[in-house]
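> Build out the structure end to end from the sequences listed, making use of the hints.
Each chain, letter by letter, is given below.
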Amino acid sequence: DQQVKQNSPSLSVQEGRISILNCDYTNSMFDYFLWYKKYPAEGPTFLISISSIKDKNEDGRFTVFLNKSAKHLSLHIVPSQPGDSAVYFCAASDRWDDKIIFGKGTRLHILP
Amino acid sequence: DAGVTQSPTHLIKTRGQQVTLRCSPKSGHDTVSWYQQALGQGPQFIFQYYEEEERQRGNFPDRFSGHQFPNYSSELNVNALLLGDSALYLCASSPPKNTGELFFGEGSRLTVL
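One line per chain: the protein sequences are A and B, in this order. Position one of the first sequence corresponds to residue 1 (my numbering), numbered consecutively onward. Position one of the second sequence corresponds to residue 1 (my numbering), numbered consecutively onward.
Don't take each hint at face value.
A partial selection of chain B residues facing chain A, derived with a Cβ cut-off under 8 angstroms [said to hold, decoys possible]: (1) Gln41; (2) Gln48; (3) Gly100.
Calculated cross-link-like contacts (lysine-lysine; reagent style DSS-like; alpha-carbon spacing at most 25 angstroms) [claimed, not checked]: (4) Lys71/A - Lys54/A; (5) Lys97/B - Lys54/A; (6) Lys54/A - Lys68/A; (7) Lys97/B - Lys99/A; (8) Lys104/A - Lys68/A; (9) Lys99/A - Lys68/A; (10) Lys97/B - Lys56/A; (11) Lys26/B - Lys99/A; (12) Lys104/A - Lys5/A; (13) Lys5/A - Lys54/A; (14) Lys71/A - Lys104/A; (15) Lys68/A - Lys5/A.
It is worth saying that the hints were derived from the structure and are not from the lab. Each residue gets a CB set at the ideal place from its N, CA and C atoms; glycine is no exception.
Now the structure itself:
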């Protein structure tokens, strides 16, 4: 039973444009949401997070939006750069110190 | 400042064998979590260790066991290996007063033949 779903296995975006990665979740107890980025042969690295008391969190080119009623979150990257090409994992947990549940990931290709 | 280090990076075992994977957390971190990432999948939570005790466990059989040492380093043991255990095993550490962010190692790639 997949509690965190990333329905797009891959996404291609032109350099300089906006990349939007989507994520849905089923567990209404999730209170904390994170995005991780993974390059080949490296472990995932933390990108940005949001708690359920907010609907938006911004960090430089990265913004995460949370819609709790729809159980949906999205990651916006503006503008997209070649170094953004990676696999992006959406993740969630019941509380900040609980186990983190990951989605299957979306592979983002930034086209020159 | 060394990050999370894992060993070995790659290993090959045969069905029925046992394997031990090792992890040293980032300096200052006291909690270690282990994840299994199969090909094309996201990381799946195996268990988490804190104060040398298993604090939480995911949906993995008892063949998967672990240990945390007083210096916070950790081991993951898998007994009676199956072909389906072939995966990338990721160790992640987190600090006291955790903000929810995990720091991952590069992983140990296990192939079971």
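> Each hint: holds or not?
Tested hints:
With its C-beta approaching chain A no nearer than about 6 angstroms, glutamine 41/B sits inside the 8 angstroms limit, and its interface hint holds. Interface hint at glutamine 48/B: satisfied, since its Cβ lies 6 angstroms from the closest Cβ of chain A, which is below the 8 angstroms cut-off. Checking glycine 100/B against chain A by beta carbon gives a least distance of about 4 angstroms; that is within 8 angstroms, so the hint holds. Of the supplied pair hints, the one linking lysine 71/A and lysine 54/A holds, its CA atoms being roughly 13 angstroms apart against a limit of 25 angstroms.
The hinted pair formed by lysine 97/B and lysine 54/A meets the criterion: a straight-line CA distance of about 21 angstroms does not exceed 25 angstroms. Straight-line distance between C-alpha atoms of lysine 54/A and lysine 68/A comes to about 9 angstroms, which keeps the hinted pair within the 25 angstroms bound. Of the supplied pair hints, the one linking lysine 97/B and lysine 99/A holds, its CA atoms being roughly 15 angstroms apart against a limit of 25 angstroms. A threshold of 25 angstroms between alpha carbons decides the hint, and for lysine 104/A with lysine 68/A the separation of about 20 angstroms falls inside it, so the pair holds.
For the given pair, lysine 99/A sits about 20 angstroms from lysine 68/A by alpha-carbon distance, which is consistent with the 25 angstroms threshold. About 23 angstroms separates the Cα atoms of lysine 97/B and lysine 56/A, which keeps this hinted pair within 25 angstroms; it holds. With a C-alpha separation of about 18 angstroms, the suggested pair lysine 26/B and lysine 99/A falls inside the 25 angstroms cut-off, and the hint holds. For the given pair, lysine 104/A sits about 7 angstroms from lysine 5/A by alpha-carbon distance, which is consistent with the 25 angstroms threshold.
With a CA separation close to 21 angstroms, the supplied pair lysine 5/A and lysine 54/A stays within the 25 angstroms bound. This hinted pair checks out: lysine 71/A and lysine 104/A have alpha carbons roughly 17 angstroms apart, not beyond 25 angstroms. Distance check on the hinted pair: lysine 68/A and lysine 5/A sit about 15 angstroms apart at the alpha-carbon level, within 25 angstroms; holds.
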